[in-house]
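Enquirer: The lines below spell out each chain.
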Amino acid sequence: MKGADAPGDAGGAKAAGRPAEATRAAVRRGGGPGDPGRPGLRRGLRSLRDRLRSGRLGALPVVVSLLVTWIVFQSLNHNFLSPRNLSDICVDIVGPGLVAVGIVFVLLLGEVDLSVGSVSGLTAAIFAVMYVNHGVPEWLAIVSALLTGAAIGSLQGFLFARVGVPAFVVTLAGLLAWNGLMLYVLGASGTIDLGNHGLVAELSGRYLHSAVLAYGLAALGTGIYFVMTYRDNRARTRAGMAALPMWEIAERTAGIAVPSFAAAWVLEDFRGVPLALLVFLAFVVGLDFVLRRTTYGRRILAIGGDAEAARRSGINVVWTRVSAFAMSGTLAAIGGLFLTSRVASVGQTSGSTTLLINAIAAAIIGGVSLFGGRGTTWSALLGILVIQSIASGMVLIGLQTAVQYMVTGGVLLGAVILDSLSRRSQKVHGRA
Amino acid sequence: MSGAPVLALHGICKRFGAVQALTDIELEIHAGQVVALVGDNGAGKSTLLKAITGVGPADAGVIEWRGRPVRIQRPRDAQELGIAGVYQDLALCENLDVVGNLFLGHEITRAGVLDEIAMERRALELEPLAILAKHPPSVRVPVATLSAGQRQSVAIGRAILSRPELLVLDEPTAALGIEQTAQFLDLIDRLRDRGTAIMLISHNLGDVKAVADQAAVLRHGRNNGFFDVPSTTHEQIVSSITGATDNAVTQRTTKPWEDML
Ligand SMILES: Nc1ncnc2c1ncn2[C@@H]1O[C@H](COP(=O)(O)OP(=O)(O)O)[C@@H](O)[C@H]1O
Ligand SMILES: [Mg+2]
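Chains as they are written, first to last, in our numbering: chain A, 1 to 432; chain B, 1 to 261.
Be a bit skeptical, because a hint or two may be false.
[Said to hold, decoys possible] Stretch by stretch, here's where chain B covers chain A in the computed footprint (C-beta under 8 Å, at least three residues):
(1) 224–238
(2) 293–303
(3) 309–316
[What the hints assert, rightly or not] Label pairs and their in silico Cβ distance ranges:
(4) B/Ser162 x A/Met406: 50 to 58 Å
(5) B/Ala174 x A/Trp265: 28 to 36 Å
(6) A/Ala235 x B/Ala148: 28 to 36 Å
(7) A/Arg424 x B/Gly17: 33 to 41 Å
[To be verified] If you want the ones that stay clear, here's a sample from chain B, every Cβ over 12 Å from chain A, calculated:
(8) Thr23
(9) Glu28
(10) Asp40
(11) Gly42
(12) Tyr87
(13) Ser138
(14) His220
These are computed hints drawn from the structure, not numbers from a lab. Here the structure is a predicted model, which is why all the values come from computation and not from measurement. Even glycine gets a Cβ: it sits at the ideal position worked out from N, Cα and C.
Can you make the complete structure from the sequences, with help from the hints?
Expert: Okay, structure coming up:
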């Protein structure tokens, strides 16, 4: 090991007699100067413009869709933005929203899981049969349901990642097979009522009515976000790296604070904070952290971006893919329990294709790219909020499901078009 | 060169279906040596590089690392030995930013959480990014938004980041301008002086002449000669690549069209 850090001199003897050396030295002297830092405000504006041009719009489109949906329905029926209706929407989004969070993991890989609806129905049926029909302790029935979801996801993931069957086909077969198995498990009785005892039954009926709690949570969420962003920024400044200007931190914090406190106020005005919503938010925040801040999440994004590049960098592509499908199956099971809780029963129509379509549509409307490698769990939350708002608004103004489907389909199409355009725009800019 | 070579290949074979891409390849690289691997399109250069980095393991043959036989079946195996590569297609994840690509597969973490600040700091210190990327952009933009030359410097930076003992590069100057190529060649010189063994695949015999100590020629997937670069002429290497006899000039004078004049 010789002079590892001082390789500067290219050594006369070695270079001697090489004609290219003179040109190289000449070129070296004319090296271009570095780009000096720009003032904060202009840099901020430039970054926004770059984002718009390069197609990295983030949550902007879905937030705009959500606001438009709310404004339209509120103008058609002034009960739409009432605390009661908004609170109901907040509980209704939890089941499909959790399923959508699971789907995000698979979509990030650039794949799709069509079985989640059936898996959530099947696991809910397993839970109900064990707990209600056979008197198995509830915790054991819940664990069994979740393990079933994880096992199904892993099996499908294995068939895709290791055996090489396209995920689309594996999970399409799953859609049919797990639905069939659910009907078999439910047996002749067809429908199993949960009654109103037990953890699952209470999951979606429980509200935490306490102003301190509601506003406290809003303050806590905002505070944690601010402190983390601020500390990260300070560390970057200390290290002499580009940091966010203070106004941008303030703006982002406000972007968290306004919806948080508004939600606290609205929910408090009706029956308090739904427990189910808190669980959902915990999953969204926790798994967002996993995806953005851990090595595991980085691997998923890398595979979605370029599986071969990920493989060459030493990532275990097969295992990571299997785990993402396992995640999808597990969250389908968790979502299934919340859906069961909402209607207090499991029946032949549990785990319908509507659930599947809503979950996938939610993720995509929320900004997860169908091409893989881009999106967060927040996409699932925002997307399902749009879908559930449309469904709720249609009921309020007395329109049929037919119209609801058409409108949701239109929003989904819009999201996919945006996704495709932004991808194309990125490519164009990459060549510039 | 004294001691065992860093890497020695013996009888390396690789087949793709009906195509025999490599047959009985022999090659040695010592520490502090730059070996250029040259050959016509389809000669098997990239295939050999992928066999060394574990991306496309060889079907048969022996790989020795510092005199000891090793198995390189997966990219991880090569990384653990201290081999890093730049691929012809770069193999970057377009959706990840520059820092994400540089550290992919060996991220810096603190308590299980990605330490983005530490990674960004090291990225900013990285030579190739500073000298090769003209108008270096922020290291936080997705690679999809970079130009070809900038991507190439990210791929080179990524390979150098792990301070490899053997660096294998497949056409690394393909997307670089004249100025960047010169700076790249300087970088190779400095790495060589640090004791890094370097295998450079290049179509540009000027680059080979400027930086390589030895040239190994591949032709139709077989060895077709080794040359001591400083004491060999352009023409000798070219004729070995194209498969003409060592008397290429004489041959040309007896071409049929000249007889017809
Ligand atoms: N993945 C592959 N599948 C089938 N054939 C391949 C593959 N990769 C390379 N080849 C074949 O192997 C031969 C050598 O290719 P390659 O190593 O890319 O050559 P070079 O890099 O020297 O131009 C070519 O005939 C090419 O068509
Ligand atoms: Mg090649």
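Enquirer: Next, verify each hint and record whether it holds.
Expert: Here is how each hint holds up against the structure:
no.: 1; hint: 224–238; result: holds (count 3)
no.: 2; hint: 293–303; result: holds (count 6)
no.: 3; hint: 309–316; result: holds (count 7)
no.: 4; hint: B/Ser162 x A/Met406: 50 to 58 Å; result: holds (54 Å)
no.: 5; hint: B/Ala174 x A/Trp265: 28 to 36 Å; result: violated (60 Å)
no.: 6; hint: A/Ala235 x B/Ala148: 28 to 36 Å; result: holds (33 Å)
no.: 7; hint: A/Arg424 x B/Gly17: 33 to 41 Å; result: holds (35 Å)
no.: 8; hint: Thr23; result: holds (25 Å)
no.: 9; hint: Glu28; result: holds (20 Å)
no.: 10; hint: Asp40; result: holds (23 Å)
no.: 11; hint: Gly42; result: holds (20 Å)
no.: 12; hint: Tyr87; result: violated (7 Å)
no.: 13; hint: Ser138; result: violated (7 Å)
no.: 14; hint: His220; result: holds (26 Å)
Violated hints, in rising order: 5, 12 and 13; the structure is consistent with all others.
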